[in-house]
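Based on the hints, put chain B in the right spot on chain A.
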Amino acid sequence: MWDYSDKVKEHFFAPHNAGVLENANATGDVGSINCGDALRLMLKVDPETETIQDARFQTFGCGSAIASSSALTEIIKGMTLDDALKVSNQDIADYLDGLPPEKMHCSVMGREALQAAIANYRGEEWKDDHEEGALICKCFAIDAVLIEETARANKLSSVEDVINYTKAGGGCSSCHEGIEEILVKVLAERGETFNPHVVTMKKEEPSGGKLTNLQRIKRIETVLDAVRPQLQRDRGDIELVDVDGKTVYVNMTGACAGCQLEAVTLQGIQQKLMEDLGEFIKVVPTRTGSYARATSHV
Amino acid sequence: MEGIYLDNNATTRVDEAVVEAMLPYFTEQFGNPSSMHSFGNKVGLAIKKARMQVQELLGAEHESEIIFTSCGTESDSTAILSALKVNPERKEIITTSIEHPAVLALCSHLEKEGYKTHFLKVDERGRIDLDEYAKLLSDKVAIVSVMWANNETGTLFPVEQMAEMAHAAGVLFHTDAVQAVGKVPIDLKNLKIDMLSLSGHKLHAPKGIGVLYLKRGVRFRPLLRGGHQERGRRAGTENTASIVALGKACEQAMQAMEFENTEVKRLRDKLEAGILARVPRAFVTGNPENRLPNTSNIAFEFIEGEAILLLLNKFGIAASSGSACTSGSLEPSHVMRAMGIPYTAAHGTIRFSLSRYSTEEEIDRVIQVIPEIIAQLRKLSPYWGENGPAEEPEKAFAPVYA
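Chains as they are written, first to last, in the working numbering: chain A, 1 to 298; chain B, 1001 to 1402.
If we strip away everything but chain A, and leave its shape as in the complex, we get (with noise of 0.2 angstroms):
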């Protein structure tokens, strides 16, 4: 059974704005029948002021593609329309208190719907760019298609250089299996063989040489300390508890402690301090958040 939050139950259980939209101005089809969801969005804009007056849906799909149609007519109702294009599928998520990785493809769907919608309120066309794959990793919900295109496009060939581009495969390692499957058949596109042993990562040497570990460690600390005002916006903080080799281990604390976009903050610092220090680095959580999110459900 899925970890469903309790706003998902209440959204899906009691829909908000469900139903045909009298004299609507702006309608938004989008979905796929073959993958079981699909969304129509009916807006009533006002042409004066661009205002969203009026929101409502139909959706054909499970529990949270339900819950992120009601999601997303109850944020867009009253937005100018410039204000809703800002939206995003990730703005539809924390709304409902975050979707289970498999699900956020219904969050997406809503923010497709609702540029649908404006672009046929303002007379253009919206074309979808994006397709979806079967789900690969499931820490930070990455899909085939991302990792079979992003390998090609970049030339990757080993599982880690699928890590630094995507992500996938960066948490608990699970799908390894899955990623190495995808590298074999890129790589036989471009004649070459999968080889588990070679590491192709480019080690981009930092400015000035090796760092030395108290220098790394004093990096990994300023990059920590320009996310943190973000994370205390949110009632929430990091610490830095201990540097093992590529592995950072952090301690995610206050509102921090098992949010379940746990995975999806701590995927963002990985890659600031990716970014920062040119290296591989794997952020991992103590068990403390970890334990505390999977206890809480119980």
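There's no promise every hint is true.
Unchecked claim - Derived DSS-like pairs: lysine-lysine, alpha-carbon spacing no greater than 25 angstroms straight-line:
| no. | chain 1 | residue 1 | chain 2 | residue 2 |
| --- | --- | --- | --- | --- |
| 1 | B | K1116 | A | K44 |
| 2 | B | K1192 | B | K1207 |
| 3 | B | K1048 | B | K1189 |
| 4 | A | K7 | B | K1379 |
| 5 | B | K1112 | A | K9 |
| 6 | A | K138 | A | K282 |
| 7 | A | K77 | B | K1379 |
| 8 | B | K1192 | A | K185 |
| 9 | B | K1314 | A | K7 |
| 10 | A | K185 | B | K1379 |
| 11 | A | K210 | A | K272 |
| 12 | A | K155 | B | K1112 |
| 13 | B | K1192 | B | K1116 |
| 14 | A | K272 | A | K246 |
Stated by the list, open to error - Some chain B residues near chain A, calculated using beta-carbon distances under 7 angstroms:
| no. | residue |
| --- | --- |
| 15 | E1016 |
| 16 | S1323 |
| 17 | H1347 |
| 18 | Y1383 |
Derived from the structure by calculation, the hints contain no laboratory data.
Note that CB positions come from ideal geometry on N, CA and C, so glycine has one too.
Coordinates of chain B only, in the frame set by chain A:
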């Protein structure tokens, strides 16, 4: 009111008499059956009894044909991999497109190792074409593996006849019978089936115990080597308590066989007729003329299965769905796809699977609740109009991408 459990093809509740039978084997009868002292001896006798109870239910000729394993999946893997090992020159496998992942995923994996798997197609009712099968049988085939009954639709396959055909062609035949054992009579001593898998938790025994039936004389290579347990065919200390439990469960299943095929079947038919009479645009998938007595798989058009399950769950009703969303994959059930069920219906399939514990009141309650759930979700669906599907649903709703 207690929950209504209609998901017995997923797993079953352990019968209280079964629990009672197994409990002493955790505490006072904790011995290792391989030991030479009296602590072990009694346990050894209990396992022998259980083996005979399983033998009885399967109609096996010898008790030594019963090998205890950890689950149905282990039995399937053991059977298929053994057949490949004893026939190293044979590089082909025949199975069906609607097998359980325990067989399907293994065969797909073996393809990467150079084996060729023939996945037999099924028609819109889930039936196999025996002519296609006959043509594929050759001395290149190491093993045929075909399920006795499909887990999603309950459709039964002519495994007895298919085993005859394989035998005549000199090919080993395995059947994954985890859904069939205990629900349909089986008489292996008079059949040409070489290997059969069963799983305890599908017939009111605990999870973590399974059986591989291996006909005497069939060449075999173990999956797990080590100690001499199960006559060296499956090493590892016996799961004694669960083996005893499985024996007891098999004895009960034998006694309940008639009940399953009369009373359980009657309730299943009542449930199905009741739903179909009250809900428009719903139909039974699989082959209603030839299926397990406890299973009904109904497709509700233009809505999605996970949403149905979540609403059913609110009423305390447990069932399952072939929708993509319940598994986290993008495709609906491979069984529905193989039968050519259109996407508009495949995502809305719900499997109700009863057991001998299902009651008339429960069935009445489900028949009462289902129509409102379906109506509620259809009201949300862009494919559904006021009182029925939108005219030409595909045109009424044509999303930007499909």
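Results of checking the hints against the structure:
The hinted pair formed by K1116 (chain B) and K44 (chain A) fails the criterion: a straight-line CA distance of about 57 angstroms is larger than 25 angstroms. With a CA separation close to 29 angstroms, the supplied pair K1192 (chain B) and K1207 (chain B) exceeds the 25 angstroms bound. For the given pair, K1048 (chain B) sits about 19 angstroms from K1189 (chain B) by alpha-carbon distance, which is consistent with the 25 angstroms threshold. A C-alpha spacing of about 22 angstroms is found between K7 (chain A) and K1379 (chain B), which places the hinted pair at or below 25 angstroms, so the restraint holds.
Between the alpha carbons of K1112 (chain B) and K9 (chain A) the distance comes to roughly 42 angstroms, so the proposed pair goes past 25 angstroms and is violated. Taken as a hint, the K138 (chain A) and K282 (chain A) pair is honoured in the structure, with Cα atoms around 16 angstroms apart against an allowance of 25 angstroms. Taken as a hint, the K77 (chain A) and K1379 (chain B) pair is honoured in the structure, with Cα atoms around 22 angstroms apart against an allowance of 25 angstroms. For the given pair, K1192 (chain B) sits about 41 angstroms from K185 (chain A) by alpha-carbon distance, which is inconsistent with the 25 angstroms threshold.
Proposed proximity of K1314 (chain B) and K7 (chain A) is supported: the alpha carbons are some 16 angstroms apart, at most 25 angstroms. In summary, the hint linking K185 (chain A) to K1379 (chain B) is not supported, as the alpha carbons are separated by about 44 angstroms, beyond the 25 angstroms threshold. Distance check on the hinted pair: K210 (chain A) and K272 (chain A) sit about 19 angstroms apart at the alpha-carbon level, within 25 angstroms; holds. With a CA separation close to 23 angstroms, the supplied pair K155 (chain A) and K1112 (chain B) stays within the 25 angstroms bound.
For the suggested pair K1192 (chain B) and K1116 (chain B), the alpha carbons sit about 24 angstroms apart, so the restraint of at most 25 angstroms is met. The suggested pairing of K272 (chain A) with K246 (chain A) holds, with an alpha-carbon distance near 14 angstroms, which does not exceed 25 angstroms. With 7 angstroms as the threshold, the beta carbon of E1016 (chain B) stays out of range of chain A, its nearest partner Cβ sitting at about 26 angstroms, so the hint is violated. With its C-beta approaching chain A no nearer than about 6 angstroms, S1323 (chain B) sits inside the 7 angstroms limit, and its interface hint holds.
With a least beta-carbon distance of about 4 angstroms to chain A, the hint placing H1347 (chain B) at the interface is held under the 7 angstroms criterion. Evaluation of the Y1383 (chain B) hint against chain A yields a held restraint, the C-beta minimum of about 6 angstroms falling below 7 angstroms.
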